[in-house]
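> Going line by line, the protein sequences match chains W and S.
Those letters in the first sequence? Residues 2 to 167, per this note's numbering, in order.
Those letters in the second sequence? Residues 71 to 335, per this note's numbering, in order.
Don't read these hints as lab results, they were simulated from the structure.
No experiment lies behind these values; they were computed from the predicted model shown.
Yeah, the Cβ is synthetic: ideal placement off N, Cα and C, and Gly gets one too.
One should not assume that every hint holds.
To be verified - With the C-beta cut set under 7 Å, the calculated list includes, among others, these residues of chain W facing chain S:
#1 Ser54
#2 Gly55
#3 Tyr84
#4 Ala85
#5 Ala87
#6 Asp91
#7 Ser141
#8 Phe143
#9 Ile167
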Amino acid sequence: MTPIAARDDVLRILDGVMDPEVPVLSVRELGIVRDVIVDDAGAVTVVVTPTYSGCPAIRVIEEDIVAALTNGGIPNARIRTTYAPAWTSDWIPAEAREKLRAAGIAPPESAESGALVQLVRERAAVECPWCGSRDTEVRSEFGSTACKSLCVCRACLQPFELFKSI
Amino acid sequence: MSEASVVPAPPSRPNVLFEYLLRCGDDRLVLGHRLSEWCGHGPILEEDIALANISLDLLGHSTMFLRLAGEVEGKGRDEDALAYFREAVEFRNCQMVELPVGDFGFTMTRQFLFDAYDIVLLDALSSSTHAELAAIATKALKEARYHIRHSGEWMLKLGDGTEESHRRTQRALDELWRFTPELFTADAIDMELHAAGVAPDLPALRPAWESIVRDVADRATLTIPHAAPRAASTRDGRSGAHTEALGHMLAEMQIVARSHPGASW
Chain W
2 MTPIAARDDV LRILDGVMDP EVPVLSVREL GIVRDVIVDD AGAVTVVVTP TYSGCPAIRV
62 IEEDIVAALT NGGIPNARIR TTYAPAWTSD WIPAEAREKL RAAGIAPPES AESGALVQLV
122 RERAAVECPW CGSRDTEVRS EFGSTACKSL CVCRACLQPF ELFKSI
Chain S
71 MSEASVVPAP PSRPNVLFEY LLRCGDDRLV LGHRLSEWCG HGPILEEDIA LANISLDLLG
131 HSTMFLRLAG EVEGKGRDED ALAYFREAVE FRNCQMVELP VGDFGFTMTR QFLFDAYDIV
191 LLDALSSSTH AELAAIATKA LKEARYHIRH SGEWMLKLGD GTEESHRRTQ RALDELWRFT
251 PELFTADAID MELHAAGVAP DLPALRPAWE SIVRDVADRA TLTIPHAAPR AASTRDGRSG
311 AHTEALGHML AEMQIVARSH PGASW
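Isolated chain W (complex conformation) (with noise of 0.2 Å):
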């Protein structure tokens, strides 16, 4: 008979699933995991929401979660999906902004609230996660991932990517 796992176990652990795509960042850390649940029985359920609706790593995050937890003694754990409260990028923690940064993704700006959308965003510019500069351009607002941006420093040449705030 398998121990009954402590909620902290399941965390521990879960801290050590990186995003696929942003493997800098831990699940938890980019707040995808939004709570686990041990039942009387053992069951270990863990609820998650995804950053974007239709973010092609998901599944793969479901896929690493149990297998995780499986090799961490915690097998036939269940994930379940909430979509409310929706996903926010203000939900990344400051160390993990700075995680981002280092690895040359800039940190998201504050997500946009209220039901009116500007046509034309009024932003301050992005700095450059290399070399500091804010005379920065955002090429597109679309990057290589759903939750990216593309952007370009005018003063050290290089291109990075900017987490998207939603």
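Could you slot chain S onto chain W? The hints should help.
Coordinates of chain S only, in the frame set by chain W:
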């Protein structure tokens, strides 16, 4: 989820919510697929990537709506079964989204008209009494904001661009305008769900949509067609009447799933 946990009274006919969710899911599935046709053909690399990203977002939104539709129907159909194993007459998307991609001006004008509808509708749906529907709309709205900013900026560039880009974009607007009444025409399903607080009053959304569209059209030096848009007939996309284009699109979209049912990779 606390404040959104009010359970609406069940609609009198059990298939009403299912039908409504198909409309939401199919609009985004069909438009998402149309956008994906640009993959590898975009005018510049950044735009190719952007269109693929928006396509992916729309497929994600479609997945959420169709998954819920399958659960509401209760016959064991999941989002893939609904996407790949229905015939064109069973699709409930509006006709505008199924039209062929045309040139870049047509693609972007259609996208802009839909994106404006999308944000107005999703904003209203995010306060639905149906908690899961409200959650899906709230999530999708965040992404749809990126979409309209993209298509809106393109409208300005194309409409107020070169003589050629202006001519093509105006032509697209003229062609597409007659398909817009369908977006805001409420039938018995819309009215029943509106009465239950599940869905918004569809015709009442049109002024907000039109103000976004007119504002951008004005700045883009484009002219909204003068002719009063024809009233949507009772046989439109919402009741399964489609243009010839949908069948051709579905044949391509569904061929692999239908040739190898149950395949996984």
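> Which of the numbered hints are not met once you compare them with the structure shown?
Checked against the structure, the only hint that fails is number 6, while the rest are satisfied.
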